[in-house]
Amino acid sequence: MEFEVTEEDARIAWLAALAIAIHVVEANLPSPLPGVKPGLANVVTLAALHWYGFGVAAWVSVLRVVGGGLLGGTFLSPGFFLSLSGAIASLCMLRLATAIPGLSSIGYGVLAALAHMAGQFALAYWVLLPHPGLVRLLPVLMTAALVFGFSSGIIARAMVGGMDRAQA
Amino acid sequence: MTAADRWVVGAALALVASLYVWSWGGPLGLDTGGSNAGGSDAGGSDAASVVAEVVVAGRPGETIDLGHDGEVEVQGRMGPSRLLVQDARVRFTASPCRGKQCIHSGWLAHEGDFAACLPNGVAVEVLGPERGLDAINY
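These protein sequences, in sequence, are chains P and C. Residue 168 is where the first sequence ends in our numbering, and the numbering goes up by one at each step. Residue 1138 is where the second sequence ends in our numbering, and the numbering goes up by one at each step.
Bear in mind the hints are in silico, worked out from the structure with no lab data behind them. Watch out, some of these pointers could steer you wrong.
With beta-carbon atoms standing in for the labels, derived distance ranges [unchecked claim]:
| id | chain 1 | residue 1 | chain 2 | residue 2 | range |
| --- | --- | --- | --- | --- | --- |
| 1 | C | Val1072 | P | Leu33 | 35 to 45 Å |
| 2 | C | Tyr1020 | P | Gly73 | 51 to 61 Å |
| 3 | C | Arg1098 | P | Ser31 | 33 to 43 Å |
| 4 | C | Gly1112 | P | Pro78 | 16 to 26 Å |
| 5 | P | Ser31 | C | Asp1069 | 40 to 50 Å |
| 6 | C | Arg1077 | P | Val147 | 45 to 55 Å |
| 7 | P | Ala21 | C | Ala1017 | 30 to 40 Å |
| 8 | C | Gly1099 | P | Phe75 | 17 to 27 Å |
| 9 | C | Asp1087 | P | Ala21 | 51 to 61 Å |
| 10 | C | Ala1014 | P | Ala122 | 13 to 23 Å |
| 11 | C | Gly1112 | P | Leu71 | 47 to 57 Å |
| 12 | C | Gly1099 | P | Leu33 | 23 to 33 Å |
| 13 | P | Leu96 | C | Phe1114 | 41 to 51 Å |
| 14 | P | Ala21 | C | Arg1077 | 57 to 67 Å |
Quick caveat, the model's predicted, so the values are computed rather than measured. Don't be surprised by glycine CBs; every beta carbon is placed ideally from N, CA and C.
Produce the entire structure from the sequences given, and follow the hints as far as they go.
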């Protein structure tokens, strides 16, 4: 059986590999609060969105979650499903956000991060830990999401701008 | 940062600020204890049939019906602990202990919710027909 490897496949593969590498390195950094991470791998997703559109970004995002889960030994664990629910929610949000004209990576980054955190919280609250006290944590988590979404958006914009300039 | 970005960030800030107000209960402060403000309960409980069991220092427990509001005073090892029943929930309101962790435990509403004043030897648990999951651990 022969598979045909298109240029887009190769593109997705190297972007996903980059995202997985960043994800794995970041997973080893300590985090102040469970579930709060700078989410630097999302920079790759945002860059992919800018350069190649939503389809490639979606592939990169899902491959990053699965590949990162396999490499980290957390595949199919509750943490993995939290990651996956966050990724799916943020991809849905990005798909909707592409309808908003004039957004740069910063806007996409903020929206994606907020959706990511909301998706994770929904899974955590309704399935994993249905305790009313968790609701009080939501604003804190969303604040972190806003800050880190903004920062990864800025990084993505700088990266995309730098690379576009270098190639011009 | 484009104009659209600014709108998005502004809306996000407004949303996050409103989340603080909504889940921490009001513009000026926190509700006392772990109240259910903003949280939905994980399982239906019929107010009329929910009871709480109070066990004091190992003596056989007595049950309090949470359907009727009121105050209950329980004699423990150190002195009296006061429990308040309101809206099918119960909590410690006074206790002769030093740390007052029992009071800080807040409202007990769901089946399985539990608070205790260990120095005084008073334990309160909400009973019900079926025990829901309180957390999934991994």
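Outcome of the hint check:
1. Separation of Val1072(C) from Leu33(P) is about 38 Å and conforms to the stated range, judged on CB atoms against 35 to 45 Å.
2. Judged by the Cβ atoms, the range 51 to 61 Å given for Tyr1020(C) and Gly73(P) is violated: they are separated by roughly 36 Å.
3. At roughly 35 Å, the beta-carbon separation of Arg1098(C) and Ser31(P) lies within the given 33 to 43 Å, and the hint holds.
4. Taken as a hint, the range 16 to 26 Å holds for the pair Gly1112(C) and Pro78(P), whose Cβ atoms sit roughly 21 Å apart.
5. Between Ser31(P) and Asp1069(C) the beta carbon distance is about 44 Å. The supplied range of 40 to 50 Å therefore holds.
6. A C-beta distance of roughly 49 Å is found between Arg1077(C) and Val147(P), which places it inside the suggested range of 45 to 55 Å.
7. Distance hint check for Ala21(P) and Ala1017(C): the Cβ-Cβ separation is about 36 Å, which falls inside the suggested range of 30 to 40 Å.
8. Our hint of 17 to 27 Å for Gly1099(C) and Phe75(P) is violated, since their Cβ atoms are close to 43 Å apart.
9. Distance hint for Asp1087(C) and Ala21(P): a CB-CB separation of about 53 Å, consistent with the stated range 51 to 61 Å.
10. The given range of 13 to 23 Å is respected by Ala1014(C) and Ala122(P), whose C-beta atoms sit roughly 21 Å from each other.
11. A C-beta distance of roughly 38 Å is found between Gly1112(C) and Leu71(P), which places it outside the suggested range of 47 to 57 Å.
12. At roughly 25 Å, the beta-carbon separation of Gly1099(C) and Leu33(P) lies within the given 23 to 33 Å, and the hint holds.
13. Evaluation of the 41 to 51 Å hint for Leu96(P) and Phe1114(C) yields a pass: the beta carbon distance comes to about 43 Å.
14. For Ala21(P) paired with Arg1077(C), a C-beta distance near 60 Å keeps the hint of 57 to 67 Å intact.
Checked against the numbered hints given earlier, the structure breaks hints 2, 8 and 11 and satisfies all the rest.
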